[in-house]
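Keeping their order, the protein sequence lines are chains A and B. By our numbering, the letter at position 52 of the first sequence is numbered 52, and the numbering carries on one by one without gaps. By our numbering, the letter at position 348 of the second sequence is numbered 1348, and the numbering carries on one by one without gaps.
Quick caveat, the hints were computed from the structure, so don't treat them as lab data. Idealized CB from N, CA, C, for every residue including glycine. Any given hint could turn out to be false.
Unchecked claim - Which stretches of chain B does chain A cover? Using the computed rule of at least three CB atoms under 8 Å from a CB of chain A, they are: (1) 1300 to 1311; (2) 1314 to 1320; (3) 1331 to 1339; (4) 1345 to 1352.
What the hints assert, rightly or not - Cβ-Cβ distance ranges computed for the label pairs, FRET-style: (5) Ala26/A with Gly1302/B: 25 to 31 Å; (6) Val1276/B with Arg3/A: 26 to 32 Å; (7) His5/A with Ser1305/B: 40 to 46 Å; (8) Glu1261/B with Arg46/A: 48 to 54 Å; (9) Thr144/A with Glu1329/B: 25 to 31 Å; (10) His5/A with Glu1375/B: 53 to 59 Å; (11) Glu1375/B with Asp49/A: 49 to 55 Å; (12) Glu1261/B with Thr217/A: 33 to 39 Å.
What follows is the residue order along each chain.
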Amino acid sequence: MTRQHVLVVDDEPQILRALQTNLRGAGYDVTTATTGGEALTQAAVRPPDALILDLILPDRSGTDVCRELRTWTSVPILVLSAVGDEREKVAALDAGADDYVTKPFGMEELLARLRAAMRRAAPSTEPVIRIGELVIDLERHAVTVNGSDVPLTPIEFALLRYFAQNEGKLLTHPMILREVWGPAYGDESHYLHVYVSQLRRKIEPDPARPKYILTETGAGYRLVDPVGARS
Amino acid sequence: MRLRRHVAALFVSAALVAVVTGAVFALRGSAPVLSLGVLYLFAVLPAAVFFGTPYAVLVAVSSMLAFNFFFLEPVHTFALRDSENWVALAVYVATAVVVGELAAWARRRATEARRREREAEFLAEVSATLLEADQVRDRLKQIATRTAEVLGLRRGRIELESFRRPERAEAAIDLRAGRRDVGRFFYDAGEAPDAAMVERIVPPLASVLAVALDRERLARTALEAETLRRSDAIKTAVLRSVSHDLRSPLTAIRAAADGLERADLDLDAEDRAELVDAIRAEAARLERVVTNLIDLSRLEAGAVSPRPEVWSADELVARSLEPLAAAAERVVVVLPADLPVARVDAAQIERALVNLIENALKFSSSKDEVTVTVERDDGSLFIRVRDRGPGVAPTQLGRIFEPFERGAAGSTGLGLAIALGFAQANGGRIDVASRPGEGATFSLVLPLADVPAQMRA
Chain A
1 MTRQHVLVVD
11 DEPQILRALQ
21 TNLRGAGYDV
31 TTATTGGEAL
41 TQAAVRPPDA
51 LILDLILPDR
61 SGTDVCRELR
71 TWTSVPILVL
81 SAVGDEREKV
91 AALDAGADDY
101 VTKPFGMEEL
111 LARLRAAMRR
121 AAPSTEPVIR
131 IGELVIDLER
141 HAVTVNGSDV
151 PLTPIEFALL
161 RYFAQNEGKL
171 LTHPMILREV
181 WGPAYGDESH
191 YLHVYVSQLR
201 RKIEPDPARP
211 KYILTETGAG
221 YRLVDPVGAR
231 S
Chain B
1001 MRLRRHVAAL
1011 FVSAALVAVV
1021 TGAVFALRGS
1031 APVLSLGVLY
1041 LFAVLPAAVF
1051 FGTPYAVLVA
1061 VSSMLAFNFF
1071 FLEPVHTFAL
1081 RDSENWVALA
1091 VYVATAVVVG
1101 ELAAWARRRA
1111 TEARRREREA
1121 EFLAEVSATL
1131 LEADQVRDRL
1141 KQIATRTAEV
1151 LGLRRGRIEL
1161 ESFRRPERAE
1171 AAIDLRAGRR
1181 DVGRFFYDAG
1191 EAPDAAMVER
1201 IVPPLASVLA
1211 VALDRERLAR
1221 TALEAETLRR
1231 SDAIKTAVLR
1241 SVSHDLRSPL
1251 TAIRAAADGL
1261 ERADLDLDAE
1271 DRAELVDAIR
1281 AEAARLERVV
1291 TNLIDLSRLE
1301 AGAVSPRPEV
1311 WSADELVARS
1321 LEPLAAAAER
1331 VVVVLPADLP
1341 VARVDAAQIE
1351 RALVNLIENA
1361 LKFSSSKDEV
1371 TVTVERDDGS
1381 LFIRVRDRGP
1391 GVAPTQLGRI
1401 FEPFERGAAG
1411 STGLGLAIAL
1421 GFAQANGGRI
1431 DVASRPGEGA
1441 TFSLVLPLAD
1451 VPAQMRA
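Only chain A is shown next, with the shape it has when bound in the complex (with noise of 0.2 Å):
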């Protein structure tokens, strides 16, 4: 099997020779970019299967690559934020990237986050997940942890459901809410998170400290498998 084929785009010297050494020793081919424009012309020249974009590149924004790339491709993007920049990050999710890493990072956390990005043909179809602890059976719409039934509302098992089906991959508010409420969703959604931590008060063994459930900020929720999912 060929090595996957990875376009890293940063401006900075440093970080790009980071990534580059890791991704190497991760077993992927790497090629870099250090500007918007460069990073355009190389996806179209040689499409990788993945993209780790920086947000912010010396002749334009990360979000406006996105925005460009999504028209002709749906080639998995991990963006590299900073923090405080927030907003930029929701918007460059909104403008179609798949995911994203807060800097300073882990190389261990970006190279989870790469794979499971990269893990995005359809969803899950098995008709029982089993993630950790947790059983979902779909048919049965029957749920146990550590073997214990656990009872959940139509809504919560709707979000579980679409949860496990897409593990380990962030699942952005407006994607939850379109596929839990439906396109026309109302006024419950102010509740989402609400109804996420009812859930995990069900499902997590310490929902102080949930295991399953992860919360990232300011954009969505990732259901992750405790074993060995993140450091």
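The hints should help you fit chain B onto chain A, whose structure is shown.
Then chain B, alone, in the frame of chain A:
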């Protein structure tokens, strides 16, 4: 209005004369008729007191005529037989004039006193209004309305330090305190304020406004000076703390990286892992310091606009434990049975709570628990962070929220200032309860939000 008053006065005067005439008629058997003439004073006096001298004279003359007509010989004529009757008439008229004047004078005095009282009240009210206001301009409308009321005008407007000419439908009075022009009072052109009143209340009003304006200007200057002094102090403190809090982790990182690189050092795998861990831990520390510096500069610049959403207390607590990672292992969380929610910016509340918890961890022994308790009470959500450290001395309580106020442990004193800044930006506050030697409890207090009933599953 005025005509009605005269008609009423005439009626009452006629009635007074008629009543007294009736009384004289009734009593004429029991006393000499001539002596009963004095009873007409009961008609003259009220007329003098209530309607003034002209009515008093009118009542006196008509009384005399009635007395003459009905009771003095020759009866039923206006002819007077005795000269002493002329004397009686003169006495009545003189009495009427004197009493009328006396009454009018007393009435004028009372009116005058009432007016002075109103003026004094007005000025006192204006002064009080201005004293309690932060901004003179905030209260101008209220003062202008009161001024118009006192001057008998329908409405008025005060413009401070503006000397525009009155427009067509307007008239203006200058507000002058000594030689200083304070502003203008505008009113509707058709109306006429009481000139004497204007003369009496406008100068003191202008003076009071001038004093208030000066006071405001002084306060502003003082505030600017204080802000400058504070931001200077903050800059100095930032520089001092940067040298310590940024340099020490950098030093540790360099030392560890150098150690890993050197071939002549005899390092086994465990040593190497330890150095790598040190680099990671120090980088994390550096990251927290930098985040705090960024937060503080945003708070100081007023660049913190919360984007509130409805969040559960569970989530707010969970998010604040996450960035602390292993350090948060000795934090014990006590959640209530229900799920209280607040409408806040979760990222900002996270920064507030992280700092409160980090502070509690820092100031207590690594063997002691730090307890985070969520409670609801009286429309508020309380997230209490309790440590068993040395506590806060009462003299320190007022100052611990100042940036760069250091506790005994000597780390950057930014945390509590940031926590308070974000709490306040989200409509909350932080309460501190502490007894030296028994630890401290910092409570983040946020307004509770409502959740629709159908959600409380």
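Evaluation of the provided hints:
Three residues within the 8 Å Cβ limit are the bar, and the segment 1300 to 1311 of chain B against chain A gives 3, so the coverage statement holds. Look at the segment 1314 to 1320 of chain B against chain A: 5 of its residues bring a Cβ nearer than 8 Å to a Cβ of that chain, three or more, so the hint holds. Coverage of the segment 1331 to 1339 of chain B by chain A holds. Counting CB-CB distances below 8 Å, 3 residues qualify, and the rule asks for three or more. For the segment 1345 to 1352 of chain B, the stated coverage by chain A holds: 3 residues have a C-beta nearer than 8 Å to a C-beta of that chain, and at least 3 were required.
In this structure the hint that alanine 26/A and glycine 1302/B lie 25 to 31 Å apart at CB is violated, the actual value being about 44 Å. Checking the proposed 26 to 32 Å range against valine 1276/B and arginine 3/A shows it holds: the Cβ atoms sit about 27 Å from each other. Under the hint 40 to 46 Å, the C-beta atoms of histidine 5/A and serine 1305/B, about 41 Å apart, fit the expected range. The supplied range of 48 to 54 Å is broken by glutamate 1261/B and arginine 46/A, whose beta-carbon atoms lie about 36 Å from each other.
Taking the beta carbon of each, threonine 144/A and glutamate 1329/B are about 28 Å apart, inside 25 to 31 Å as hinted. Taking the beta carbon of each, histidine 5/A and glutamate 1375/B are about 54 Å apart, inside 53 to 59 Å as hinted. A beta carbon spacing of about 51 Å between glutamate 1375/B and aspartate 49/A agrees with the range 49 to 55 Å that was offered as a hint. Restraint check, glutamate 1261/B to threonine 217/A: a C-beta distance of roughly 36 Å satisfies the suggested window 33 to 39 Å.
In the structure shown, a violation is registered for the earlier hints numbered 5, 8, in ascending order.
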